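Assemble the complex: chain A is given as a structure, and chain B must be docked to it using the hints.
Protein chains in written order, with the working numbering: chain A, 1 to 588; chain B, 1001 to 1290.
Keep in mind the hints are simulated off the structure, nothing from the lab. Given the structure is predicted, the values throughout are model-derived calculations rather than measurements. Hints are supplied without guarantee of correctness; some may be wrong.
Only part of the chain B face toward chain A is listed, based on derived beta-carbon distances under 7 Å [said to hold, decoys possible]:
# : residue
1 : Leu1178
2 : Arg1179
3 : Glu1182
4 : Asn1183
5 : Leu1186
6 : Gly1187
7 : Phe1190
8 : Gly1191
The beta carbon of each residue, even a glycine, is placed where N, CA and C say it ideally should be.
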Amino acid sequence: MGRTLKHNRWGLLVTIVLVLTLFASLASVLVHGQQKARLTEDHVRRMRMEADLIGAVLTDAMLRHDYAEGQRLLADWTAKHTEVVVLTVELDNGRPFFVYRAQGHTGSTPLAVERVFRYHDRALTLTLCHDVAELTGAMASLRGGLVLLTVSLIGLTALTLWYILFRWILRPMEEEIATRTRDLNAARDTLEQQVAERTASLAAEIDMRRRAEAELRKRGMLVEQSPVMIFITDRDGVIEYVNPKFEEVTGYVAAEALGQTPRLIKSADTPRAVYEDLWRTILAGRSWRGELKDRRKDGREFWATVAITPIKDTDGAITHFGALHEDITERKLAEESMIEARHAAEMANKAKTDLLANMSHELRTPLNAIIGFSQAMTDGLFGPLGDERYGEYAAFIRSSGTHLLDLINDILDVSAVEAGRLTLNEEPVSLADIFESSSRLVMPHAETAGVTLNSTIGRDLPLVEADPRRLKQILLNLLSNAVKFTPEGGRVDCDARIDTDGAMVITVRDTGIGMDADGLATAMSKFGQVDSSLSRKHEGTGLGLPLTKGLVELHGGTLDLASTVGEGTTVTVRLPAWRVIAPTGTMR
Amino acid sequence: MRSKAFLIRAFLLLALIMAGAARLAPANATEPEPLSLGFMPYLNAEHLIEKYTPLADYLSDHLDRPVRITVARNYNEHIRLTGEDRLDIAFLGGSPYVVIGERYGLKPLLVRYVFSGKPTFRSVILVDANSGVQSLADLAGKRMAFGNVNSTLSTQVPLYMLMQAGVGLGDLAAATHLRNHENVILGVRFGDFDAGAVAEEVFNEHDDGTIRALALSPDLSTHVFVTRTTMDPALRQTIATALISLRDDPRGPAILGAISPTLTGFAPVRDRDYDLHRTILADVLPVLGE
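Extracted from the complex, chain B is given alone in its bound form:
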C-alpha cells in the first residue's frame, strides 16, 4: 500500500513536471500532450486518484490524448493553479469557482456533477447520534469540526448556516478545520467534536447510525469542472460533451460509481448557478479572514 502511494506521488510529481515542461516547450506534433485533470484535496490524494482514474481513462479515450490526474497539496494551491490556468481541467467547488472568478477571472465551465439525478448538493451539519444537540443554536459553546477553511460544503456553507442560526464562529467552544470531510465525520463519531460539517454526499457515505444530520443547507450547485482559459473551445466542447455523454456510455455507471455511489452523471452548467455561493461567501469570508 505504501509502495503504491509512493508510486502515485512519484507519478503526480512527474505529471507536474511534465505539465510545466509542456508550457515551456513547443507542442510535439506527433505526440499529443497529456491533459491535466487537477483536484483540490477534499479527499486524500490517493483516494482521489483512485476515484477519478476511470474518468481520466475515459476522457483519454475520447480525446485521444492522455489525461493525467493531479492533486494539489491544499485548497489555495489548487485555486492558484487553476486561476493561473496551469491545469487543463480543474475540479472546483462552487466557492473556489466564485473566488477564482473574482480573483483570476471566470474560468470556462465544463460540466457540473449530478448526484442522484440532481445537479445540486447540500451541506450537512452532523452530530453524534446520541448527542443532545437538537438545533444549530444548541451548537453555541460546542466544539465544531470543519473541513478545509476554503471548502464550500464543509466550512463556508455550514458557517453560513450557523450564522443564519445566530451562532457565530466565536460562539463555538472550538472551531477546528480538519484536513477533509472524512476526518470531520470521524471526529464527531469518536467524540472529539460535538458537531461537524461535511457534504451531504460524504455524510450519506459514512452514515452508519452513529451520527445524525442536525441541519441541511439549501441546494447548492454541485462541483464543476472548468478548463483553463486558454483551452481550445473545440476541445473544451469535446470534453464537455464527453463528460455529459458519460451517463449514456456503457462504462458510465462504473466510472461514475467509482467517483461516488450517488453520482449519476454530469450536466451542463452556467455561471449563475453559483450565485448562492457568491451570497454565502460574501457573509462568511470576512469571518473566515478571507
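So that you can see chain A by itself, here it is in the shape it has in the complex:
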C-alpha cells in the first residue's frame, strides 16, 4: 500500500508538473505575444517620434528650400542609425526626395512608419522602416528569459510542490497514516486479543455455566433423588421447597408442605431447649447438627439425623435455611441392639474374667496340693511308696500338674494382658543378662534335642527400660519355641542390636520346620499350633506366641514373624527407642 501511495504521489507530481508546464508554456506564449506587441508598439512609437524629428528638421530645411541640406540630413540619419533600413521621402507630386534602402532589404518589415509633413503648400511623405533585428534580438532575449523563467518557475513550483506535497502534507499524512495504522493494528490486535480472551472467557464462562448447570442439575438431582429428606425454608422458617424423599417419608405432598413451617413435622417429644439451641445456632450463621424426632402426617414418629445450614447470599446475609433430615430409625434400632449386645458381651467377658480369676485361684489351689504332694511322694518325703510304679505314677502326676499350672498361668497372663490388668515393673535391664538367664533354662532342652543355641548379644549393648521378668518371659518363650520346632542338628541364634532409628531389635532365628502364611496366622492365634503332630511331639499351651506378642506390645514394641517352610523362622522383637537407655555421655 505504501509503495502504491509513493507511486501515486510521483504520478500526481508528474501530472502537476505537466499541467504546470502546459500552463506556463501557454502563459509564456501569451506573455511573448503581448511583449512582442508591446515592444513592437513601443518601437513604432519611438519610430514615429524619430520620424517626427526627422520631419521637423526636414521641414525646416524645406521651408528654407535647402533641399541639399535636407537630403544630407537624411543621408546622415541613415548613416548614423544603422537600424534604419528604409528611409524615403516622397513629395506630393510623386517625386522622390530621398530614397534609402539598406542593401538586400525588401522593405517588408513590421516596423514601418509613414508620416506626412507639410511645408508651404506642399506635403512630404516620409516612410521610415527599422530593421527587425533589434526587435528580433529583444524577442529572442525575451524568449530566452521566458524559457528560463518558465523552467525556473516550473522547477521552483515543482520543488515547492514536492516539498509541500511530500514534506508538508504527504509525509506527515503518511506518518499519521502509519501511526494510525500502527494504532489500528495495535487496537485490532488488542481487540482480537480481547475477543480471543473474551471468547475464551465466554467459552470458559459457558463451560463454567454448563458445569455449574450440570452441577446444579446434579445437585438438583442429588437433592431430588436424595435418600435424605431435604427442605428449604426462608429466613422466617416458611418452607419453600421439599424433595420427593420428604413427601415419601412424611406423607405430606409438596403442596401441603410449602408455605408451612417445620413445625409441621415437629414431634412433641423433642425438648423445647433443643429447638432454641437450633434456632440460636442457625440464626448465628452456623450449621446445626443433631438428632430430632419427627412426626409423619399419619402421626407416627421417627428419629432423624438433622443438619440445618444457613444459606447466605454473596454479602453473607442469611436468606434461607436448608434442612436435611435422615430417617435413622433403623440405625437407632441397630445401635440400641449393639449397645445391648455390647453390654451383654461386656457382661460375659466380665463373667469370663471373673471366672478365669476365680478359676486360677480355684485351680491353682488344688494343683499346688497335687504338685506338692506328688513331689513329696516322688521324693519319698515320708518314706518309700513300695511298688516302683507308684513312684512313676507320682512323677507323672507331678509332671501333669506342673503342665496344667503353666497352662493356667499362661491363660491368666493372657487374660491379664487382654484385660489390661497386667502392669509392668520397669527398670534398666541388660539384655545380655536376660539372655544368659533365659538360655540357662533352655539350654538343657536344646542339648537334649541336639540343637545348638548361640547368642551374639554383647555386653556393650545399652540397657533398656523394661520389666525384667516379662522381658525374660518374652525371650524364654521365643528361645523355647525355636528349640522346640528345630530338628536335631539344627541351630538357634539370638542377636540384639540398636537400629538406625534408635530402637532395640532382638532377633531369634532358627533353622526349624518353618511355617507358611497360614501357619503364621495360626501361630499368632491363641491356642494355635501349626502342626498338630508337633503339638503332640512338642508339648505346649499354644498361648506362647500370643502372650509374647502381648507382652512386647505392652512394652510399646512390635513382634514380627518371618518364616519359610523347611528353612526356619525368624522372630524380630522391636522395642521403641525411648526404652533404650543411652550410655552416659552419649546422645540418643
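For chain B alone, kept in the frame of chain A given last:
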C-alpha cells in the same frame, strides 16, 4: 559625418585665425606660412573642401608650403575678403571678379577653369522635364529659383537671359534665391519652382532626366583664381604654372576630377576675358539692387 563637419569647421576657423595672425605677425623664416585658398560658398563648405583638398595638397607640394582651404560664409564676405587681399588665393566667378575689380581694383589673375577642354561655361535655365514651359518668355508668372544673388551663373546671367527674353524680374510670380545651385535643381525637380538657373556644369551633374534645360547662356569665361595684390609675382607665377601644369601631372585627372567631372585643367586668363560679364552686370545689377 557630423563630427567630420565639426572638425572641418574648426579647422577653417583655426585657418582664419592663423591667417589673421600671419598678417599681424612677422613671417617665420624657418616655417613658411600657409597659403590661404578661399572660396565663396557656391556649394556647401564641406563639399567644397572635399573637392579642393587634393588641389590644395598639390599646391602645397609644389610650393613647399601649406595651402589651407577657406570657405566664406557668403558671397559678400568672400568678395570683401578677396577685395581686401585677405586671401592669398581666391576663387571667383566672373561677376565677382568684375565687381571686386571695380570696387577694390583688379586682382592679379592666376588661371581660369577649363571644362571639357573649354575655358568657358554657360548658365542653364532649367525646368521640370514634364513642364509645359517651352521658352524663356513662358516663365513670366512662374516661380523661379536662383542661386545666390551674387552668383554669376545662377542669378546674374540667367536674369540677363530673362531680361533679354523680355521677362523682367517683376514678371515672375516669385524669384527666390537659394543657397546654392544644387538646391535650385532640387527645388525645380521637386516642383517647388517652375524653373531655376544653375551653372551648366551643375546641371549636367544632376541631370537624371527629371529636369530639362530650357535655355543656355552665351559662353562665359569660367571661374578664376586670383591672388592678393600683394603676393610676390614670382610666387604668383609659380602658382599659376603649377595650376596650368596640373593637367599634365600624373595626379591631375584625380585632382581635377575631384573638383568636377568635366574639369580638364586650368588655363591662363586675361582680364578682357570677362568683358561679357561686365556687360551683363551692367544690366542686372540695377535690377538686383546692386
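Each hint, compared with the structure:
no., hint, in the structure
1, Leu1178, "5 Å, holds"
2, Arg1179, "6 Å, holds"
3, Glu1182, "4 Å, holds"
4, Asn1183, "5 Å, holds"
5, Leu1186, "3 Å, holds"
6, Gly1187, "5 Å, holds"
7, Phe1190, "5 Å, holds"
8, Gly1191, "5 Å, holds"
Going through the hint list in order, the structure satisfies each hint without exception.
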